[in-house]
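K.L.:
Build out the structure end to end from the sequences listed, making use of the hints.
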Amino acid sequence: MKKLINKPEDVVLEELKGIEKAHPDLVKIHYAPDYIIRADAPVKGKVALISGGGSGHEPMHGGFVGMGMLDAACPGAVFTSPTPDQMLEATKAVDGGAGVLHIVKNYTGDVMNFQMAADMAKEEGIDVEAVVVDDDVAVKDSLWTAGRRGVGLTVLMEKLVGAAAEEKRPLKEIANLARKINGQGRSMGMALTSCTTPSAGKPTFDLPEDEMEIGVGIHGEPGRTRTKLQTADQITETLMKAIVDDLPFMSGDKVLLFVNGMGGTPLIELYIVYRKAVEIAEKAGLKVVRNLIGPYITSLEMAGTSITLLKMDDDLIKLWDAPVKTAGMRWGI
Amino acid sequence: MAVTRDEVISWIKAYGQVITENKDYLTDLDSAIGDADHGANMHRGFLAVLAKLPAVEDKDIGTIFKTVGMALISTVGGAAGPLYGTFFIQAGTKLNGKMDLTLADWTAALDAGITGVVNIGKANVGDKTMVDALTPAIQALNGATGQELSMSDALKKSAKAAEEGMKGTIPLLAHKGRASYLGERSIGHQDPGATSSFLLLDTAANVWVNN
Ligand SMILES: Nc1ncnc2c1ncn2[C@@H]1O[C@H](COP(=O)(O)OP(=O)(O)OP(=O)(O)O)[C@@H](O)[C@H]1O
Ligand SMILES: [Mg+2]
Chain A
1 MKKLINKPED
11 VVLEELKGIE
21 KAHPDLVKIH
31 YAPDYIIRAD
41 APVKGKVALI
51 SGGGSGHEPM
61 HGGFVGMGML
71 DAACPGAVFT
81 SPTPDQMLEA
91 TKAVDGGAGV
101 LHIVKNYTGD
111 VMNFQMAADM
121 AKEEGIDVEA
131 VVVDDDVAVK
141 DSLWTAGRRG
151 VGLTVLMEKL
161 VGAAAEEKRP
171 LKEIANLARK
181 INGQGRSMGM
191 ALTSCTTPSA
201 GKPTFDLPED
211 EMEIGVGIHG
221 EPGRTRTKLQ
231 TADQITETLM
241 KAIVDDLPFM
251 SGDKVLLFVN
261 GMGGTPLIEL
271 YIVYRKAVEI
281 AEKAGLKVVR
291 NLIGPYITSL
301 EMAGTSITLL
311 KMDDDLIKLW
321 DAPVKTAGMR
331 WGI
Chain B
1 MAVTRDEVIS
11 WIKAYGQVIT
21 ENKDYLTDLD
31 SAIGDADHGA
41 NMHRGFLAVL
51 AKLPAVEDKD
61 IGTIFKTVGM
71 ALISTVGGAA
81 GPLYGTFFIQ
91 AGTKLNGKMD
101 LTLADWTAAL
111 DAGITGVVNI
121 GKANVGDKTM
131 VDALTPAIQA
141 LNGATGQELS
151 MSDALKKSAK
161 AAEEGMKGTI
171 PLLAHKGRAS
181 YLGERSIGHQ
191 DPGATSSFLL
201 LDTAANVWVN
211 N
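From first to last, the protein sequence lines stand for chains A and B. At position 306 of the first sequence the residue is numbered 306 (our numbering), and the sequence of numbers has no breaks. At position 163 of the second sequence the residue is numbered 163 (our numbering), and the sequence of numbers has no breaks.
None of these hints come from the bench; they were simulated from the model. The C-beta atom is built at its ideal place from N, Cα and C for all residues, glycine as well. Keep in mind that a hint or two might mislead.
[Unchecked claim] Some chain B residues near chain A, calculated using beta-carbon distances under 8 Å:
hint: 1; residue: T27
hint: 2; residue: D37
hint: 3; residue: S74
hint: 4; residue: G143
hint: 5; residue: L182
hint: 6; residue: R185
hint: 7; residue: G188
P.N.:
Structure (structure tokens):
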């Protein structure tokens, strides 16, 4: 294992110390239990947004804490969901009296831990709603799986719902907005390489030079199928087809197109993918009205990409354009 | 003969040791069909458990179980944290005030613990999870009551049943947890959680051998 770390067990703690030193204007860090909150939390009268998940997906979620996005993020160990006491303490720390929304990616561990935290917070009299993101079309949503994973759409949801919370919309409305976003966004990802968690010390799976994994999540786990390596255009077609067919997106729809890097893929390649994805979207009659390109929800140093399409409307466009000031996303200010 | 409170503590400590020894093995199993963290998760959890134990060593077994469960929930995370945490907390509800464990006590506790796991995880037998190791173990214990078995023989039987359940996960298609994302590709691999559950019951059989 070749990594810029000191000791595997100190990775998350030392990352938090770095964030604390880098962004005191944006966030405060609480240790044991670990959570990151907005520097000005709690914001009175505003619904507070909390997300969390395993570490290793940076900048998600800690990099999205700040004005216009999250009020708190709870980082777990690398690729492991955080614990209920982190979420409960974060919930109490950011509650500004208007209630708290938990944004939960659909993984067994995340769902169970957030559920426990929400139950405890409610017992303490805090108004908590939870929204589960499950946008990954690579997983069949059936009785026979844990359901679709929460992937790229999470980033878009945190931005959009964060802007709505800034407008002081009430909790119920914000939760419904989040559910609406989840209903009209879809994603799919692929990997060119595996990744190495610091504690495991070796790649999660072996992938020969000339092969790739299609339908991967964000935890270095193998995907649905392994195939021979293809060109960027062929890969983009595979991902886009699965996404567009699933919703289904219709000719005339306005969409936000998000091309995400998995951590080890340079922007130059993401733009190649974006170019082809726009072409495919336009051929299907979709109008790409906004975009996002870059590594926002990563899988450590994995090379690969994921594509997310979200159906937009005037309200969502306005929320997307609203100011945001976080370490990982910043515009309009 | 009944298992004493001190033997319960020895079991938990021994399991902590077993987890340390099997950390890489559990992570390897989880690399094949999950996200390569089960060994690290359990290890982190039981380090916390071992740190909490001295404070409750003179308490009743129910309190000890509850402390173990709380420590796991607040340090493990992932799926295993709530599942094992609930297992110990629910098992502990059957052991309040007890300073030793009869076979009937252990059977009732294990039953409550497994019910807790099934309630929050909603896994059925055959879904390729820890439930596939735990359920045969409790069935073996239930079968042992009534037969004039010693506690240690009953524990051995239940550990053996858990082992078979664990091995039985290899050909299964995963329906729960991360492994379910793999679809058919989950077939042919042993479930990490079933493995750590077998080790828990196997450690009990080994440590409580003189009963
Ligand atoms: N719904 C469930 N019911 C019972 N056991 C489950 C369930 N889901 C997963 N498991 C068990 O949990 C084990 C995986 O535990 P692990 O510590 O690796 O958590 P994880 O699922 O990777 O968590 P996270 O997704 O946050 O990383 C599986 O091998 C399986 O035995
Ligand atoms: Mg795992």
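K.L.:
Does the structure break any of the earlier hints, and which numbers would those be?
P.N.:
4, 7
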